[in-house]
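> The lines below spell out each chain.
Protein chains: 4
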Amino acid sequence: MLKNVYTTRIEWSDCDPAGIIFYPRYFDLFDTCTTVLIEQALGMRKIAYLKAHNFAGHPLVEGRARFHKPTRYGDEIAIETVLVECGEASFKLEHRISKAGVLAVEGFETRVWIARDPADPRRVVNRPLPAAVAARFSGG
Amino acid sequence: MLKNVYTTRIEWSDCDPAGIIFYPRYFDLFDTCTTVLIEQALGMRKIAYLKAHNFAGHPLVEGRARFHKPTRYGDEIAIETVLVECGEASFKLEHRISKAGVLAVEGFETRVWIARDPADPRRVVNRPLPAAVAARFSGG
Amino acid sequence: MLKNVYTTRIEWSDCDPAGIIFYPRYFDLFDTCTTVLIEQALGMRKIAYLKAHNFAGHPLVEGRARFHKPTRYGDEIAIETVLVECGEASFKLEHRISKAGVLAVEGFETRVWIARDPADPRRVVNRPLPAAVAARFSGG
Amino acid sequence: MLKNVYTTRIEWSDCDPAGIIFYPRYFDLFDTCTTVLIEQALGMRKIAYLKAHNFAGHPLVEGRARFHKPTRYGDEIAIETVLVECGEASFKLEHRISKAGVLAVEGFETRVWIARDPADPRRVVNRPLPAAVAARFSGG
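Residue numbers (the working numbering), protein chains in the order written: chain A, 1 to 140; chain B, 1 to 140; chain C, 1 to 140; chain D, 1 to 140.
A portion of the hints provided could be inaccurate.
Given that identical chains are not distinguished, each listed pair holds provided it fits within a single copy or across any two copies.
[As the list claims (entries may be wrong)] DSS-like mimics (lysine-lysine), calculated; alpha carbons at most 25 Å apart, straight line:
hint	residue 1	residue 2
1	69	51
2	69	92
3	51	92
4	3	46
5	92	46
6	51	99
7	69	3
Hints in this document: simulated from the structure, not taken from any laboratory.
Please model the complete structure; the sequences and the hints are all you need to start from.
As structure tokens, this is what we get:
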């Protein structure tokens, strides 16, 4: 299974008047971690793999998170991301955010592959994963 | 059951290079809608009910969303928010975002009540819902 | 001169641990107000005018703000936006945010027109304002 | 003069439908860089210096940026931050963002020191810089 650990710091800009992270920011982080994982799997940056595979992104069809412990500005966190499942046209990832070794948040994403619609390049349509991508996602 | 409909517009700033909303922004919207619902239930603004009940917020313990259709900048959306369950120390909300009458996104939140820790006002601790709040949440 | 007033509310998600708006959010608001002003001037939504004029946006070359009074979550604000100058390839806007009739923030933007590079549609290049746009911006 | 270089990457979440960074995100970055600079000058994290000096933040009275070159997702950038002036109750910073050694953005901030109002801890008031802070900011 593809796996990655990403470390970052919770910034003042991520936090709300309660002094803790504004929780949608975790979904921003999950998105970054997924990108980093895919970039490593494919050996190229997102900007390159979008071009190589003529696609437009890998949006979510479902996203979920469980929040166990709050994080605050200045907290150093580690996010472990694992690609846990790869289907023909979708794939699943899990993220575990820990702070000082203690689990703080779990995230779950189901994503699909989309491409620009040839009929209207401003629109996007679902696509099966390219064979080369599916192979890498399956550990090939 | 407490219910509210909030209308807004997806802005350029909400969207990503695929031209569709960057999905964590939906969770920002859910948060705003939850606040609006509670403000209406309690008959006061968040800044007032934080003060009245000496509490610090109502963070999530779990959040989830299912994405059925993308939204793009310029799209007018309506978000129907329902408080579906109210326990002693937590409550649940559901959000349904529709565009031109068609369901685009469903959101699910489980939230808890927190207060500033008397021992350290920069920290927060879990609290049962104040009786007055629980009564309103239960439709009283 | 083209002018518009946009009203909105500062949300919890806009604010930082000091309980006041996180100031970059004002620039988000300026961007939305500029879009609304241009949409009204051109009589079409941004998504339509991007297509009509085959362009990619109107990014800033300079942005500035003066912050006179803080705003906090729950504050209702009004943003008056004026297109103060229109050149061949750039235009300037001023924004005045007021709260309960008192000036809170002033914003200043200098923007240019960009189009997708025909040689590489993922890149953007500067362009003179289309004649129809310039005419409207000049009050024609 | 206090100086710092911070490196980061422009993420998909930072970019708009034109495929370039949504410019308010630069102000988010400036804020993070200012925090990092102050943390290094004072030898403690923001969460600690807020507590040590019983203050609530260092908001802007003026912010400005000049945008020379766009940045896009995947771009590695370096931000050089310099504290260029320190007065009794305010201080100024300059940020220079470069990409592959070429200047992309310049930022200018004038900030003030604020503290929680003893009469109402939910409100904030201006304060002179604490002597220890001013000494460090002046290179002492």
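> Would you pick out the hints that fail for this structure and give their numbers low to high?
none
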